[in-house]
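Start from the sequences, fold in the hints, and give me the full structure.
There are 2 protein chains.
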Amino acid sequence: MGLPTSKGRNLLFYHYQLDLRKRLFLDEFGLFLGRRRKRFVVRRKGKVAEEVPADDVEAIVLMSKGVAVSEDAVRLAIDRRVQIVHAYHSGWPYAFTIPTFLSGSVETRRQQFLAYSDERGVELAKAFVIGKLTNQSNLLKLLSKSRQRTQPRLANELYGHAVGVDHVADRLGEIRGFEVDAVRLDIMNLEAGAARFYWSGIARVLPSELGFRGRDPGGTDPFNVLLNYGYGILYGEVWKAVYYAGLDPFAGFLHADRPGKPSLVLDLIEEFRQQVVDRSIVSLIARRRLGDEGIFEEGLPEGEKPILSKAVRHLVAEAIVKRLGDEVAFEGKKLALSSIILRQARKVARYLRGTIRAYTPFVQRW
Amino acid sequence: MGLPTSKGRNLLFYHYQLDLRKRLFLDEFGLFLGRRRKRFVVRRKGKVAEEVPADDVEAIVLMSKGVAVSEDAVRLAIDRRVQIVHAYHSGWPYAFTIPTFLSGSVETRRQQFLAYSDERGVELAKAFVIGKLTNQSNLLKLLSKSRQRTQPRLANELYGHAVGVDHVADRLGEIRGFEVDAVRLDIMNLEAGAARFYWSGIARVLPSELGFRGRDPGGTDPFNVLLNYGYGILYGEVWKAVYYAGLDPFAGFLHADRPGKPSLVLDLIEEFRQQVVDRSIVSLIARRRLGDEGIFEEGLPEGEKPILSKAVRHLVAEAIVKRLGDEVAFEGKKLALSSIILRQARKVARYLRGTIRAYTPFVQRW
Chain A
4 MGLPTSKGRN LLFYHYQLDL RKRLFLDEFG LFLGRRRKRF VVRRKGKVAE
54 EVPADDVEAI VLMSKGVAVS EDAVRLAIDR RVQIVHAYHS GWPYAFTIPT
104 FLSGSVETRR QQFLAYSDER GVELAKAFVI GKLTNQSNLL KLLSKSRQRT
154 QPRLANELYG HAVGVDHVAD RLGEIRGFEV DAVRLDIMNL EAGAARFYWS
204 GIARVLPSEL GFRGRDPGGT DPFNVLLNYG YGILYGEVWK AVYYAGLDPF
254 AGFLHADRPG KPSLVLDLIE EFRQQVVDRS IVSLIARRRL GDEGIFEEGL
304 PEGEKPILSK AVRHLVAEAI VKRLGDEVAF EGKKLALSSI ILRQARKVAR
354 YLRGTIRAYT PFVQRW
Chain B
4 MGLPTSKGRN LLFYHYQLDL RKRLFLDEFG LFLGRRRKRF VVRRKGKVAE
54 EVPADDVEAI VLMSKGVAVS EDAVRLAIDR RVQIVHAYHS GWPYAFTIPT
104 FLSGSVETRR QQFLAYSDER GVELAKAFVI GKLTNQSNLL KLLSKSRQRT
154 QPRLANELYG HAVGVDHVAD RLGEIRGFEV DAVRLDIMNL EAGAARFYWS
204 GIARVLPSEL GFRGRDPGGT DPFNVLLNYG YGILYGEVWK AVYYAGLDPF
254 AGFLHADRPG KPSLVLDLIE EFRQQVVDRS IVSLIARRRL GDEGIFEEGL
304 PEGEKPILSK AVRHLVAEAI VKRLGDEVAF EGKKLALSSI ILRQARKVAR
354 YLRGTIRAYT PFVQRW
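Those protein sequences? They're chains A and B, same order as listed. Count along the first sequence from 1, then add 3; that gives the number in my numbering. Count along the second sequence from 1, then add 3; that gives the number in my numbering.
Incorrect hints may have been included.
Since copy identity is lost for identical chains, a pair holds within one copy or between any two.
Stated by the list, open to error - Taking lysine to aspartate or glutamate pairs in the DMTMM-like style, the calculated list, with each CA pair at most 25 Å apart, reads:
(1) Lys336 x Glu110
(2) Lys337 x Asp189
(3) Lys308 x Asp219
(4) Lys337 x Asp219
(5) Lys48 x Glu31
(6) Lys50 x Asp169
(7) Lys325 x Asp58
(8) Lys148 x Glu160
(9) Lys337 x Glu177
(10) Lys50 x Glu194
(11) Lys337 x Glu300
(12) Lys308 x Glu321
(13) Lys41 x Glu305
(14) Lys50 x Glu301
These are computed hints drawn from the structure, not numbers from a lab. All values reported here derive from a predicted model rather than from experimental measurement.
Below, the structure is given as structure tokens:
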């Protein structure tokens with residue numbers, strides 16, 4: 004199994020081109036984000052390491068404790084609608100810096116709350132999960148297809164797991180209800196059933212040394228920690244999409260039973276996890292760019308939760324951001340995945356306001 | 004007329020004790036906010052200028068372009084629920100750094116949106132404005148009382164203005180409606196009528212050199228600019244109260260016709276403007292701590308909007324924050340004004356959820 008590339012090890016900070024707009028990840032002690040006119044300036048020990056025009060930047064992700072940001076840069080980011088994300092080393096955002104104005108109309112939020120008590124909430128919750136399950140199945144089928152010649156037995160197995168997920172998705176489609184509270188448990192039970200097919204399928208394509216025994220957000224095995232990191236980046240993207248569509252991040256449908264959690268973000272992220280994150284990380288492992296060694300930082304105190312090594316963090320962020328830039332066919336158009344995320348959030352808003360009759364989840368063909 | 008104190012001029016940054024919790028205002032080029040364990044550390048040119056335990060800090064207000072903040076400090080602030088405000092030099096917040104979790108329940112927001120279409124919205128809109136008008140009247144009566152011996156004619160005049168406001172407030176109480184959209188115009192017309200009585204009364208106690216001709220948020224005369232600065236600080240306090248009560252800042256009742264504006268913050272601030280800001284600034288002028296000279300920064304380019312001088316900004320912030328710490332009798336208790344702001348936001352939430360039958364605005368006796 005290959006170690007992370009040495010290239011990754013030497014990065015001080017990094018950005019990735021995407022849709023002509025970049026994400027600036029500041030993930031190393033001692034970096035300083037400043038401003039020079041309409042440009043962001045990254046400095047290290049007082050020396051300019053990079054200058055980027057603000058209009059070329061999509062988001063600034065601050066992931067390290069040793070990073071500092073000037074208020075000039077914050078002002079520029081807010082003026083230019085550049086998202087500022089404050090994230091843990093695990094990749095999970097713990098804060099956002101948001102403007103005091105709101106995009107979108109309050110009417111969207113009003114309808115969002117009304118929809119909680121009518122059939123729209125049911126339809127959205129179902130659509131998010133049907134999207135998730137269809138993408139789970141499609142990813143398994145893709146993994147099956149690419150192994151048909153080399154590992155025909157494994158390919159058949161994976162296809163079988165996909166069919167298992169498909170059956171669950173069919174049953175989801177039959178769920179009816181007048182409000183989401185009445186059907187949440189049914190939806191979540193089916194979701195859990197599909198998850199068993201899906202993750203046991205994914206486990207089959209991973210090296211057994213990784214010790215992956217199923218998805219567990221609190222798990223300390225490499226694959227679960229890698230997923231968490233990837234989902235953290237995706238979560239920032241989905242949050243931004245939800246926020247700029249004028250939706251309330253905290254008023255979801257499926258995950259609404261979690262007080263204080265941004266439940267609509269957790270709802271909408273479901274249909275993107277597989278194609279954006281799972282696929283990227285499985286691919287990194289399959290291409291042996293990630294192995295079972297060198298994944299975690301070494302020398303952490305006993306009992307501490309494992310942290311991905313810097314090289315691996317860079318590798319995963321690079322892969323996810325590159326993937327967000329991939330153009331994918333959806334609803335008759337070819338669009339970057341990051342644009343599809345923004346569109347899907349706006350589609351939720353339009354569905355809630357009654358501009359469109361149905362919400363169709365994002366699905367990528369295999 | 005006295006100039007601002009030289010004491011104010013020499014402050015690098017400043018904090019004010021309040022309820023045992025401080026506000027850190029970072030308002031000078033070159034300041035750096037860092038962290039040492041559970042303490043905020045303010046540095047100037049690398050030297051520690053002050054250390055404050057995080058639990059002693061209520062809010063961090065970043066008001067200058069030359070200020071920088073470490074991510075360590077941001078993390079500490081979010082962990083300890085210290086508010087981070089990003090404000091223009093005019094005092095107006097343009098961004099907040101907010102945690103990705105929400106306090107309060109989504110049910111509060113749901114009811115907030117439902118209330119827009121029922122009588123609760125009418126009652127809240129009326130209550131906010133009745134609070135505002137009663138405080139306007141009470142402040143005029145206070146100013147009248149304190150001038151009764153020295154300037155009896157002015158005292159009578161001020162009392163007359165107060166009675167004018169009272170009459171408008173009485174008519175407000177008579178407004179009935181099934182939803183706020185149906186009564187907004189009536190309420191706002193009465194509010195405007197009261198404003199004429201109020202501000203022409205306030206103008207009578209100001210030195211004519213200040214050239215105050217009535218409240219105008221875009222006005223460039225000293226008193227209007229001073230008010231803007233004070234309202235900016237108050238606005239941050241009210242935003243925090245609204246946010247932590249679990250309310251949606253953008254879904255107000257009275258100011259709901261302003262898309263993208265945090266209309267509930269603009270609603271709730273109404274009952275606090277007079278006693279927190281107007282009174283403090285009138286008092287600074289009456290005590291000759293603010294004159295008509297030295298108020299604005301000098302040497303600004305032709306045509307630029309005037310900016311308060313640093314000494315004056317410090318003086319006003321000090322006065323407002325001191326005022327927020329003043330204990331005031333309200334509903335049978337003596338509480339700091341800053342605590343009353345938090346309580347009033349929670350009271351709005353409780354009224355919306357149906358825990359209490361009526362929302363009574365904050366009013367300070369004279």
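To see whether the hints hold, each was checked on the structure:
1. Lys336 x Glu110: For Lys336 and Glu110, neither the intra-copy (29 Å) nor the inter-copy (38 Å) Cα distance is at most 25 Å.
2. Lys337 x Asp189: neither (34 Å within a copy, 51 Å between copies)
3. Lys308 x Asp219: within (14 Å within a copy, 56 Å between copies)
4. Lys337 x Asp219: Cα proximity of Lys337 and Asp219: none, with 33 Å in one copy and 50 Å across.
5. Lys48 x Glu31: Result: close both inside a copy and across copies, 12 Å intra and 22 Å inter.
6. Lys50 x Asp169: So Lys50 and Asp169 fail the 25 Å test inside a copy (55 Å) and across (63 Å) alike.
7. Lys325 x Asp58: Within one copy only: 19 Å inside, 42 Å across.
8. Lys148 x Glu160: within (11 Å within a copy, 88 Å between copies)
9. Lys337 x Glu177: neither (31 Å within a copy, 59 Å between copies)
10. Lys50 x Glu194: Neither way: Lys50 and Glu194 sit 51 Å apart in one copy and 56 Å across, limit 25 Å.
11. Lys337 x Glu300: For Lys337 and Glu300, the Cα distance exceeds 25 Å both inside one copy (39 Å) and across copies (54 Å).
12. Lys308 x Glu321: within (23 Å within a copy, 45 Å between copies)
13. Lys41 x Glu305: The answer is between: 23 Å across copies meets 25 Å, while 46 Å in one copy does not.
14. Lys50 x Glu301: neither (29 Å within a copy, 33 Å between copies)
Hints 1, 2, 4, 6, 9, 10, 11, 14 from the earlier list are contradicted by this structure; the remaining hints agree with it.
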